[in-house]
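Enquirer: One letter stands for each residue in the lines below.
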Amino acid sequence: MRYGLLATADPQTSIEWMIYLTKKYYRMFLDGTKLTLYIAVLGTLIGFVLGYVIGIIQDAKTGQGDNLLKKGCVRILKIIAAAYVEVFRDTPMIVQAMIIYYGIRQLGVDMMPVFAGILVTVLNTGAYMAETVRGGIGSIDIGQREGAWAMGMSPMKTMLYIVLPQAFKNIIPEMANTFLTNLKMTSVLNVIAVQELFMAAKTVGGNYYKYFESYLVIAVIYFVLCFLFNKLFNFLEKRLKGKTDYALAVEYMDNQ
Amino acid sequence: MGESIISIKELSKSFGDHEVLRKIDIDIDQGEIICIVGSSGSGKSTFLRCINKLEHQTSGRILYHGKEIRDVQREINEYRAKVGMVFQSFNLFNNMTVLQNCMICTRKVLHISKEEAFDRAITHLKEVGMAPFIHAKPSQLSGGQKQRVAIARSLCMNPEVLLFDEPTSALDPEMVGEVLNVMKNLATTGLTMIIVTHEMAFARDVSTRTIFMDRGYVAEDAPPSELFTRPKNPRTREFLSRYLAG
Ligand SMILES: Nc1ncnc2c1ncn2[C@@H]1O[C@H](COP(=O)(O)OP(=O)(O)OP(=O)(O)O)[C@@H](O)[C@H]1O
Ligand SMILES: [Mg+2]
Numbered sequence: 003m004r005y006g007l008l009a010t011a012d013p014q015t016s017i018e019w020m021i022y023l024t025k026k027y028y029r030m031f032l033d034g035t036k037l038t039l040y041i042a043v044l045g046t047l048i049g050f051v052l053g054y055v056i057g058i059i060q061d062a063k064t065g066q067g068d069n070l071l072k073k074g075c076v077r078i079l080k081i082i083a084a085a086y087v088e089v090f091r092d093t094p095m096i097v098q099a100m101i102i103y104y105g106i107r108q109l110g111v112d113m114m115p116v117f118a119g120i121l122v123t124v125l126n127t128g129a130y131m132a133e134t135v136r137g138g139i140g141s142i143d144i145g146q147r148e149g150a151w152a153m154g155m156s157p158m159k160t161m162l163y164i165v166l167p168q169a170f171k172n173i174i175p176e177m178a179n180t181f182l183t184n185l186k187m188t189s190v191l192n193v194i195a196v197q198e199l200f201m202a203a204k205t206v207g208g209n210y211y212k213y214f215e216s217y218l219v220i221a222v223i224y225f226v227l228c229f230l231f232n233k234l235f236n237f238l239e240k241r242l243k244g245k246t247d248y249a250l251a252v253e254y255m256d257n258q
Numbered sequence: 020m021g022e023s024i025i026s027i028k029e030l031s032k033s034f035g036d037h038e039v040l041r042k043i044d045i046d047i048d049q050g051e052i053i054c055i056v057g058s059s060g061s062g063k064s065t066f067l068r069c070i071n072k073l074e075h076q077t078s079g080r081i082l083y084h085g086k087e088i089r090d091v092q093r094e095i096n097e098y099r100a101k102v103g104m105v106f107q108s109f110n111l112f113n114n115m116t117v118l119q120n121c122m123i124c125t126r127k128v129l130h131i132s133k134e135e136a137f138d139r140a141i142t143h144l145k146e147v148g149m150a151p152f153i154h155a156k157p158s159q160l161s162g163g164q165k166q167r168v169a170i171a172r173s174l175c176m177n178p179e180v181l182l183f184d185e186p187t188s189a190l191d192p193e194m195v196g197e198v199l200n201v202m203k204n205l206a207t208t209g210l211t212m213i214i215v216t217h218e219m220a221f222a223r224d225v226s227t228r229t230i231f232m233d234r235g236y237v238a239e240d241a242p243p244s245e246l247f248t249r250p251k252n253p254r255t256r257e258f259l260s261r262y263l264a265g
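Protein chains in written order, with this note's numbering: chain A, 3 to 258; chain B, 20 to 265.
Calculated directly from the structure, the hints in this document are not laboratory data. Beta carbons are placed, not taken as given, at the ideal position from N, Cα and C, and that holds for glycine. Treat the hints with care, since some could be wrong.
[To be verified] Below, simulated DSSO-like cross-link-like pairs (lysine-lysine); rule was C-alpha separation at most 27 Å, straight line:
{"no.": "1", "chain 1": "B", "residue 1": "101", "chain 2": "A", "residue 2": "159"}
{"no.": "2", "chain 1": "A", "residue 1": "159", "chain 2": "B", "residue 2": "127"}
{"no.": "3", "chain 1": "B", "residue 1": "127", "chain 2": "A", "residue 2": "243"}
{"no.": "4", "chain 1": "B", "residue 1": "86", "chain 2": "A", "residue 2": "72"}
[Said to hold, decoys possible] Sample of chain B residues at the chain A side, in silico, Cβ under 8 Å:
{"no.": "5", "residue": "84"}
{"no.": "6", "residue": "86"}
{"no.": "7", "residue": "88"}
{"no.": "8", "residue": "92"}
{"no.": "9", "residue": "97"}
{"no.": "10", "residue": "99"}
{"no.": "11", "residue": "106"}
{"no.": "12", "residue": "108"}
{"no.": "13", "residue": "110"}
{"no.": "14", "residue": "113"}
{"no.": "15", "residue": "123"}
{"no.": "16", "residue": "131"}
{"no.": "17", "residue": "145"}
{"no.": "18", "residue": "150"}
{"no.": "19", "residue": "173"}
{"no.": "20", "residue": "176"}
If we strip away everything but chain B, and leave its shape as in the complex, we get (with noise of 0.2 Å):
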């Protein structure tokens, strides 16, 4: 096996008294696709925001290739350009149409010349269906077609890494198979994923790695045919027996 991409040692954050993630250890290998599922509150969604450097860990280190992000803006920024992300609510710049919206970080960030932005956004609207598109604003967008978008803008980026927290939870039903068909896509291009999601099915098919968050503890960290089927802790058995009764 090689080197890590991201290794996570003893990350622990509180907010105030309260303890959201306790000494989390993770190594993170090139093509992993890692589903995180859990209870709500039990600290999914800050561990993802302190792996992007969004949330500021309270303790503990992330290795990038074997070097630790520290915290100087710069340095995060070029780790951001590497490690994306795509958030639940899009998050899409909505004074920018599509297209713009897949150019300005691209342009900003890389500084790479137009053409080539134009070219990378094509390329990542029309992967995620989104091209004819270009000309919309977000907000004449449906919700399934904005986070298609979302994902686009992140892949114009050429990232390493791209984190998704719950990237179906805001979609009305009907929406949510266009958005995991595309996702389903990305797993095939050997993109490293870490996907926080409550679609079991979705999980159990596409993770390479299905790990279980319990109360900020990891509890389980197992390939999704041992975890969905033989789960070791009983409380991976109790959230389980939870979603196929529900």
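Here chain A stands alone, though its shape is the one from the complex (with noise of 0.2 Å):
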């Protein structure tokens, strides 16, 4: 006899399949979730820092009246970020992160799967969010800079007072499809035996061979996460946008 859709002694469809799955794995599949969880927002974080890092330094321009010192540092500077951001532009994540893992191995340094697979998110982001900083930099018209150097604002403050926080604010949506772009992508790095969701579904499917059942509740679970994430940021974006009107400050009326 059938127990209609909660049936998990004797599982016989898909759905009866998955459900059976999920109770009996739901610890690995937690467990799994989180790292992935874990993986991509602290991935992402920090290559937010290096992408605002390398944009910063792939924007600089240096004067004509700087001396040779900084001529040559800046030089230096950005031909290794423009190297580092194609590098990492046009190689796929998973060849990174075998080569990062077993490279590191081979030098002899003992490396957690997990921080690799936390540098390697780290790298392709900085790579792909230097290209959206200087984007972003660029968005902000160069007269609100020289109206800040004008009055004796020096470039560096000028950066960080005027134009990070608006480059900031115009490249939320594309930090918001980062985040979401890294929480998929963890999922190549089974191949360094990471144990996140993609692992947990290769492991369980495998236990009774299958596997499509085992993926389908793992693609679920994606859906929900980034579908909800998605809603967080459109969310927060409309919060940010403010508001547009304002209050006429009548204590000072009377001057006009």
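Got two chains here, each in a separate frame; can you build the complex from them with the hints?
Expert: Here it is, written out as structure tokens:
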């Protein structure tokens, strides 16, 4: 006799198998989800910082008045930044993961797979974010910077107080996108034995030879995560848009 | 006559092969209101930008109180805090309110207290009639209002010299007057001003000295009463007659 959708003792249909596997291995799926989130969140956040640093370096300009040492340093930094961005944008993340993980092990450093996974995510995110940040900086008209410079604000502070806050706001949608991409891309990290969601599905599926059902389970998990984060980011974006009107400061009106 | 605030010595500027400024020599004294006129492309903006160090001169020197401004960022920043600039396109900070626009540089460059920065901002915003708008963002203001805020923002630094690059050229005609009035009032405070403008009536009435620039040269430098009525240089005459005709 069957017990409808909640039948677990004797699964027959795919749906029943999915429920069966989820119940039996919920710990594995849960741990996989946690690790996936952990790597995605940490990797993305640190990657953003790296992206900002690289993007700012790529945007740096030297004036005719700068001395040779400064010009040389900026030049070298720019070459390194450009090479890094190209290499990571033009190779697949799965290959980067293998090379970094096995490469560092070959150097005799015993590295945890999770650490390698975060490192790969950081480096990947940094390369893509660098371009985004550069675009974001470029979208702020040069006039605002000149306005600040003309009053004696240093180029560094101008970047910090005038340009970056606006660039940041402009690239929030792109940053949200990058995070969602990373959430999904962590699945490739199973090749270096990171116990994330994909690895969990692979293991669970193998136990009963029920790969279709097992991967469907994690597909649902990925979908729900991305869906929720997407909604959250849209909500935050709307909140950030802020007020469109302002109150006149009536206390200063009599002076008109 | 006292020592000049700014002395420009043989200042030249080229963009590639294009010589935009040719050996300009000018002394600017305390309290002078200098208007620079000249046809489009004669190098007026480039000259102001060189004075503020937004452009790096190809050769020549700029002395501030007799001391040369070298190409050291720190020295340039200190100098710019004393020699401000108002732009044709306002260049307000779009992410900040009017009040924040007027406080950020005094706070972060001069490091004065919040209270003092606020007081200065309100004082100068009142001066330009923009105090009621302290909570507005630049995008919510008209062109004339933006330019008045930009002027107040520069005044908050307590500059010795203010440079204006065609402050009314981007404005609708009905807003030109409100900005020119603010500038006229400023001219009576003893602030030294260098103004690039196409407003000939303003130049004639307000300036203490008018400079006609032509193809990168200072073609004529005279009190407005002379320059506008008895121009010595034939090219000045030609330029003015085009303006009077138009
Ligand atoms: N960054 C630049 N690169 C190359 N050429 C430039 C640059 N800036 C200005 N020029 C050139 O220098 C010349 C003088 O320009 P400038 O803007 O100083 O003229 P202007 O007198 O202010 O003209 P206008 O009245 O139209 O504002 C022009 O021929 C212009 O094309
Ligand atoms: Mg100009």
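Enquirer: Would the hint on residue 150 of chain B be counted as holding, given a Cβ-Cβ threshold of 8 Å to chain A?
Expert: holds, 4 Å
Enquirer: Double-check residue 88 of chain B for me: the hint is only fine if its C-beta lies closer than 8 Å to a C-beta in chain A.
Expert: violated, 10 Å
Enquirer: Mind checking the CB of residue 84 of chain B against every CB in chain A and telling me if the closest is under 8 Å?
Expert: violated, 16 Å
Enquirer: Could you check if residue 92 of chain B really has its C-beta closer than 8 Å to a C-beta on chain A?
Expert: holds, 6 Å
Enquirer: Given the hint that residue 127 of chain B pairs with residue 243 of chain A, test it: the Cα-Cα distance must not exceed 27 Å.
Expert: holds, 26 Å
Enquirer: Would the hint on residue 106 of chain B stand, with a C-beta cut-off of 8 Å toward chain A?
Expert: Cβ of residue 106 of chain B sits 7 Å from chain A, so the hint holds.
Enquirer: For residue 86 of chain B and residue 72 of chain A, compute the direct alpha-carbon distance and say whether it is at most 27 Å.
Expert: OK: residue 86 of chain B and residue 72 of chain A at ~25 Å, within 27 Å.
Enquirer: Restraint: residue 113 of chain B near chain A, CB-CB cut 8 Å. Satisfied or not?
Expert: Result: holds, 7 Å to nearest chain A Cβ.
Enquirer: Go through the hint on residue 110 of chain B and say holds or violated, using the shortest Cβ distance to chain A against 8 Å.
Expert: holds, 3 Å
Enquirer: Using the nearest Cβ pair, does residue 99 of chain B come within less than 8 Å of chain A?
Expert: holds, 4 Å
Enquirer: Is the hinted pair residue 101 of chain B and residue 159 of chain A satisfied, with a Cα-Cα distance of at most 27 Å?
Expert: Cα-Cα ~18 Å, so holds.
Enquirer: Per the CB criterion, is residue 173 of chain B less than 8 Å away from chain A?
Expert: holds, 7 Å
Violated hints for the displayed structure, listed by number in ascending order: 5, 6, 7 and 16.
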